[in-house]
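2 protein chains.
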Amino acid sequence: MGSKGEALRQRIITAADELFYQQGYENTSFSDIADAVGISRGNFYYHFKSKDEILIAVIDARITGIELMLNEWNKKFIDPRKRLYYYIDMPLRNQENICLHGCPVGSLCTELAKTNHAMLDDANKMFIVFHGWLVIQLNLLGVNKNVKKIAMQFIARVLGIVTVANAFKDKSFLKQEIKQLKKWLDDEVLEFCHQ
Amino acid sequence: MGSKGEALRQRIITAADELFYQQGYENTSFSDIADAVGISRGNFYYHFKSKDEILIAVIDARITGIELMLNEWNKKFIDPRKRLYYYIDMPLRNQENICLHGCPVGSLCTELAKTNHAMLDDANKMFIVFHGWLVIQLNLLGVNKNVKKIAMQFIARVLGIVTVANAFKDKSFLKQEIKQLKKWLDDEVLEFCHQ
DNA sequence: GTCTATATCGAGATAGAC
DNA sequence: GTCTATCTCGATATAGAC
Numbered sequence: 000m001g002s003k004g005e006a007l008r009q010r011i012i013t014a015a016d017e018l019f020y021q022q023g024y025e026n027t028s029f030s031d032i033a034d035a036v037g038i039s040r041g042n043f044y045y046h047f048k049s050k051d052e053i054l055i056a057v058i059d060a061r062i063t064g065i066e067l068m069l070n071e072w073n074k075k076f077i078d079p080r081k082r083l084y085y086y087i088d089m090p091l092r093n094q095e096n097i098c099l100h101g102c103p104v105g106s107l108c109t110e111l112a113k114t115n116h117a118m119l120d121d122a123n124k125m126f127i128v129f130h131g132w133l134v135i136q137l138n139l140l141g142v143n144k145n146v147k148k149i150a151m152q153f154i155a156r157v158l159g160i161v162t163v164a165n166a167f168k169d170k171s172f173l174k175q176e177i178k179q180l181k182k183w184l185d186d187e188v189l190e191f192c193h194q
Numbered sequence: 000m001g002s003k004g005e006a007l008r009q010r011i012i013t014a015a016d017e018l019f020y021q022q023g024y025e026n027t028s029f030s031d032i033a034d035a036v037g038i039s040r041g042n043f044y045y046h047f048k049s050k051d052e053i054l055i056a057v058i059d060a061r062i063t064g065i066e067l068m069l070n071e072w073n074k075k076f077i078d079p080r081k082r083l084y085y086y087i088d089m090p091l092r093n094q095e096n097i098c099l100h101g102c103p104v105g106s107l108c109t110e111l112a113k114t115n116h117a118m119l120d121d122a123n124k125m126f127i128v129f130h131g132w133l134v135i136q137l138n139l140l141g142v143n144k145n146v147k148k149i150a151m152q153f154i155a156r157v158l159g160i161v162t163v164a165n166a167f168k169d170k171s172f173l174k175q176e177i178k179q180l181k182k183w184l185d186d187e188v189l190e191f192c193h194q
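Those sequence lines, one after another, are chains A and B.
Under numbering that gives the first Met the number 0, think of the first position of the first sequence as 0, with each following residue one higher.
Under numbering that gives the first Met the number 0, think of the first position of the second sequence as 0, with each following residue one higher.
Mixed in with the good hints, there may be bad ones.
[To be verified] Lysine to any residue pairs mimicking SDA-like chemistry, simulated, CA-CA at most 20 Å apart: (1) B:K124 x A:D169; (2) A:K144 x B:K148; (3) A:K124 x B:F167; (4) A:K168 x B:F167; (5) A:K148 x B:K174; (6) A:K168 x B:K168; (7) A:K182 x B:K144; (8) A:K168 x B:G131; (9) B:K168 x A:S171; (10) A:K147 x B:K168; (11) A:K168 x B:I127; (12) B:K148 x A:S171; (13) A:K144 x B:S171; (14) B:K147 x A:F172.
Hints in this document: simulated from the structure, not taken from any laboratory.
Start from the sequences and build out the full structure, keeping to the hints where you can.
What follows is the structure, encoded as C-alpha cells:
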C-alpha cells in the first residue's frame, strides 16, 4: 500500500484503459501495457493477479471518470438544456478517436457480449450512469412523460451514429447526424419547454 | 475443384460464419471451426491458406446472402412500405440472437475497426447493400429529399437499438424501440405518402 | 516493489503420410 | 482430399533473485 506502488497501479490502469479502447480488451496483451507504462511484465502481477482483474479496475476507473465528468458539466452549465447539448456534442469533441475506435462504452460492451465475459454486467453500468444523469436533466426541463425511455433513446441513437461513423470512419456523417439529433431534442423531446 | 471439396468448403464457410457471429472473429480458433465441421485442423489449410482468407470468404458469403434475402423480400412484398416494415422488424424476428450476439454486421465492423483489420472496408459493404436497397424502397414511396441520408439514419438507428439491447441483453427494450422506429417511419419519413 | 527467467498453454501454420 | 505430427510464436501466468 506504499504511495509509489499505488501511483504505479494508477499508471497501469490509465495505460490499460487507453489500450483497451484503442485495441480492444482481448487484443491487448500484458506486454502492450507493460511497454506503455515502461515496466516489466513480471512486475505487472504484483499489482494485478490476472488480466480480468485489470479489466475490473479499468471499468471501475471509467465509471468514476464518467461521474466526475458529469459533475463538471453540472458546474459548467446551469441550464440543463445546455448540458444535454454538451452531451450530444461529446462525439464531436472526440471525433478523431470516435472514428478510429468507436464508442468507449459501446465497443467494450459489444466485445464482452461476444466473448461471453462475466464483466459485461459491470461494463454496461457505464451506460447506466449516463442514463441516470440524462433522466435528471430531462426532469429539470419539465419532461415528465417517458423520461427513462427517452433517456435510453438518447443513448441508443448516439451509439448508433457513433458505431456507423466508426465502421465507415466517416467524420462528416458523424457531424451531420449529431446535428440532426440536436434537432430531434429541440423539436420532439423539448417541444413544450421554452425556458 | 472436385464437388466434394467444394461442398466441404461451403460447410467450413457456413460454420465459420456462425461462429464469427457468436464468438467474434479473433476469438474463434481453427479448432473451433474444425470441430464444428467435423474435420481435422490440417485439412483446413487445403481449403484456406490463412484465417484472413476465411474471413474474406465469410464476408463474401454474407453479402450475397443479404442480396438474396432482399430479393426474396422484394418478391414477398409488392408494397415498398411493407418491405420497410419487414426490414425494421428483422431484429425482432432474430431477437434471441440479437440479444446474445448483437448485430451480425455491426459487431463485426466494430471488431475489425478495433483490431485495425484491413477487411473492415469489405465488412461495411454489408451495410452498403442494405443502404442501396433502402434507398430504392424510399424512392418508390415518393421520398425524394435526403433519401440517402434517411436510409443511413435507418441503419444507424436500428444498429443503436440492437447494440444497446445486446449490451443489456434486454428483449423488451428491443421490442419497444423497434415499435417506436416504425412510428418514426410513418410519422416523419413517410408523412406525406398515403398510398 | 521490481526485475529476469521460465513454465505452460493454445494459437496459426506447415510437412508429409495415406 | 484428408489425415497426423510437428513447428513456431506469443499469450497468460509463476518462481525466485535482488
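The hints, checked one at a time:
With a CA separation close to 14 Å, the supplied pair K124 (chain B) and D169 (chain A) stays within the 20 Å bound. Simply put, K144 (chain A) and K148 (chain B) have alpha-carbon atoms about 30 Å apart, too far for the 20 Å limit, and the pair is violated. Between the alpha carbons of K124 (chain A) and F167 (chain B) the distance comes to roughly 9 Å, so the proposed pair stays at or under 20 Å and holds. Of the pairs offered as hints, the one joining K168 (chain A) and F167 (chain B) is violated, with about 26 Å between alpha carbons and a cut-off of 20 Å exceeded.
Between K148 (chain A) and K174 (chain B) the CA atoms are separated by roughly 13 Å; this keeps the pair inside 20 Å, and the hint holds. Of the pairs offered as hints, the one joining K168 (chain A) and K168 (chain B) is violated, with about 27 Å between alpha carbons and a cut-off of 20 Å exceeded. Note on K182 (chain A) and K144 (chain B): the hinted pairing holds, with a Cα-Cα distance of about 17 Å set against a maximum of 20 Å. For a cut-off of 20 Å, the pair hint linking K168 (chain A) to G131 (chain B) stands: about 19 Å separates their Cα positions.
For the suggested pair K168 (chain B) and S171 (chain A), the alpha carbons sit about 31 Å apart, so the restraint of at most 20 Å is broken. Restraint check for K147 (chain A) and K168 (chain B): satisfied, since their Cα atoms lie roughly 17 Å apart, inside the 20 Å limit. Annotation: proposed proximity of K168 (chain A) to I127 (chain B) holds, straight-line Cα distance about 14 Å (limit 20 Å). With a C-alpha separation of about 12 Å, the suggested pair K148 (chain B) and S171 (chain A) falls inside the 20 Å cut-off, and the hint holds.
Proposed proximity of K144 (chain A) and S171 (chain B) is supported: the alpha carbons are some 19 Å apart, at most 20 Å. Of the pairs offered as hints, the one joining K147 (chain B) and F172 (chain A) holds, with about 11 Å between alpha carbons and a cut-off of 20 Å not exceeded.
Hints 2, 4, 6 and 9 from the list above are not met by this structure, while the remaining hints are.
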